[in-house]
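There are 2 protein chains.
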Amino acid sequence: MSSYTKYTPSTEARTELHDRLSLTGAEISINNLPAGGCVPFVHAHKENEEIYYILSGKGSAVIEDEAVELSKGDWLMIPPASRRQLYASKEEGISYICIQVKSGSLSAYTAEDAIAY
Amino acid sequence: MSSYTKYTPSTEARTELHDRLSLTGAEISINNLPAGGCVPFVHAHKENEEIYYILSGKGSAVIEDEAVELSKGDWLMIPPASRRQLYASKEEGISYICIQVKSGSLSAYTAEDAIAY
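Chain order of the listed sequences is D and Y.
Heads up: the first sequence begins at 1 in UniProt numbering, then just goes up one per residue.
Heads up: the second sequence begins at 1 in UniProt numbering, then just goes up one per residue.
Heads up, some of the hints might be wrong.
[To be verified] Computed list of lysine to any residue pairs in SDA-like fashion (alpha-carbon distance at most 20 angstroms, straight line):
(1) Y/K72 to Y/L33
(2) Y/K6 to Y/S22
(3) Y/K72 to Y/A13
(4) Y/K6 to D/S60
(5) Y/K46 to Y/E12
(6) Y/K58 to Y/R20
(7) D/K46 to Y/T5
(8) Y/K58 to D/T5
(9) D/K58 to Y/T5
(10) Y/K6 to D/A67
(11) Y/K6 to D/T5
(12) Y/K6 to D/S29
(13) D/K72 to Y/R20
(14) D/K46 to Y/Y117
(15) D/K72 to Y/G73
(16) Y/K6 to D/S103
(17) Y/K72 to D/R14
(18) Y/K90 to Y/P34
(19) D/K72 to Y/G57
(20) Y/K72 to D/G57
(21) D/K72 to Y/I54
(22) Y/K58 to Y/K46
(23) Y/K58 to Y/A13
(24) Y/K6 to Y/E16
[As the list claims (entries may be wrong)] Residues from chain Y that keep clear of chain D, each with C-beta distances beyond 10 angstroms, as calculated:
(25) A13
(26) N32
(27) P34
(28) G37
(29) G57
(30) Y87
(31) K90
(32) G93
(33) D113
Hints were generated in silico from the structure; no laboratory data involved.
What you are looking at is a predicted structure, and each value in this text was computed from that prediction instead of being measured.
We treat Cβ as the ideally placed atom computed from N, Cα and C, and that holds for glycine.
Turn these sequences into a full structure, and let the hints steer you where they fit.
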């Protein structure tokens, strides 16, 4: 296996990194919704928790019928079963990262998982 | 379980999200290295792949003795066993996200894992 993989996305509406980076523990997408736009469906997940990070702009997530305001710098975790839909604000688009990971899959992390040299 | 968790980090040197967001499939840190700074050790991981996203600035990752230049917008995946050390450039600091996930843990994702409503 290569010692690393690297990729620099363009500004497409959606860029998916799983295959481009040879990810095995996550799928990551970079998403750009224009002002007034939204992900055109409500969804939940079978196994994966989703972690969102807002890169720029403004919008909201409607989660189980509750609207959560989002702006640059916010982080949001949504467990698998919560129904969700993402919206840009009417005045301004929103750009965000969405990280999918299998719920409960992390065993150890940081110092506990590290090998120091 | 709550239907979501949300957090907005400050600009500390390092912010860890696992406990703040109740993550179960990842640890995520937001890191700010000043110009000329570096993570003060070389490390690898036992089980976790690391995914880096550069938020701003410039620097490099030295991975198995190879220097990989990094700047805003770059994504990098490092498998568990690769020895790595992160540096800011001499002229400019670097801010980045580091996502730790268990290598091989993702079973299905996106359409295959989704429940549409």
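Against the structure shown, which of the earlier numbered hints fail to hold, in ascending order? 5, 6, 11, 22, 33
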